[in-house]
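First residue of the sequence shown: 674, per the numbering used here; consecutive thereafter.
A hint or two may mislead.
No more than 30 Å apart at the CA atoms, straight line, and that leaves these computed lysine-lysine pairs for DSSO-like [claimed, not checked]:
| no. | residue 1 | residue 2 |
| --- | --- | --- |
| 1 | Lys818 | Lys771 |
| 2 | Lys693 | Lys771 |
| 3 | Lys725 | Lys693 |
| 4 | Lys757 | Lys725 |
| 5 | Lys693 | Lys757 |
| 6 | Lys757 | Lys771 |
Keep in mind that the hints were calculated from the coordinates and are not lab data.
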Amino acid sequence: MSSAEVIEESEPNAWWTTLKHEGVLLSPPVLEDTFPDGPPEIREREIDKLRKNHREFRNNPDQLRDWLDTVFEDLLDHTSGWEKEHLVSDEHTYQDLKPNRVLVDEDDDPRLAVWIDDDRVTDDDGEPGRIGIYSGRRTYADLVKLLRNTQIPIGILTNGHQFRVVNATLDRESWTEWDTEAWFEGGEGRDSLQGFYGLLSDEVLASPAEDEEDSLIDKIEESRDRQADLSDVMGTQVRESVEMLLQELDSVLMEVDEETREEILAPLKERDINRQGELRARYQASIRII
674 MSSAEVIEES
684 EPNAWWTTLK
694 HEGVLLSPPV
704 LEDTFPDGPP
714 EIREREIDKL
724 RKNHREFRNN
734 PDQLRDWLDT
744 VFEDLLDHTS
754 GWEKEHLVSD
764 EHTYQDLKPN
774 RVLVDEDDDP
784 RLAVWIDDDR
794 VTDDDGEPGR
804 IGIYSGRRTY
814 ADLVKLLRNT
824 QIPIGILTNG
834 HQFRVVNATL
844 DRESWTEWDT
854 EAWFEGGEGR
864 DSLQGFYGLL
874 SDEVLASPAE
884 DEEDSLIDKI
894 EESRDRQADL
904 SDVMGTQVRE
914 SVEMLLQELD
924 SVLMEVDEET
934 REEILAPLKE
944 RDINRQGELR
954 ARYQASIRII
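All chains, please: the whole structure from these sequences, using the hints.
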């Protein structure tokens, strides 16, 4: 199940379905619990400032770092605790993998790593590039490897045009990607910007030293727990349904006369299927019906 499924277009969190997803970063039930009335609103004055700085970056890609400062420090209110570029400490690197920025708490524990894909800020035609595709997959893989080996809870891969929020553990990875072009279009685009703020602002991005309840990482873990519970329930229900269907089929075969039974099972005999193969075929047919 995609993390974008089960949300109707008319619902207050329909903006979630407009984003790109891989795996389940946040499940729809958890998102609905987080924003029952939709994401928190951002004041128009702040959006105007964001729009102005975005336009400056679009016109001059060299303004990328300034634009990122606006997003992370002004919009999300992460005004302190940054290690940037050459100031990123060795403990937040892995082998030759080093993020461009790391947000740390008062104990210097990492809260967030930012990996900037400078090679995909613009394409050959000067248009906004795209992260995570073609050779950009290698950059994404490097970020995932870094997160897994440093245990930094959240990573963001960005070229300034897209922000891919990534969570990666040793056995799982998931991400959701925002496109900044949509942020200033109104409607669901505006809602997606407010959702970005609501999930990543300083108030909800937990520090490892703090209680993580209601934080983004807490919601990610809750989503995974609910997904696992759903898989267990579905697995049990499918098994019980197959057993019930096979029992009913056996009952039917026992009640019909020998000639009718032979007619029902004739296709199996024509294919020279033994008893074990017959049971396997019944099971496969039951799964397909269910």
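Checked hints:
no. : hint            : result
1   : Lys818 x Lys771 : holds, 11 Å
2   : Lys693 x Lys771 : holds, 25 Å
3   : Lys725 x Lys693 : holds, 25 Å
4   : Lys757 x Lys725 : holds, 24 Å
5   : Lys693 x Lys757 : holds, 28 Å
6   : Lys757 x Lys771 : holds, 11 Å
Of the numbered hints given earlier, the model fails none.
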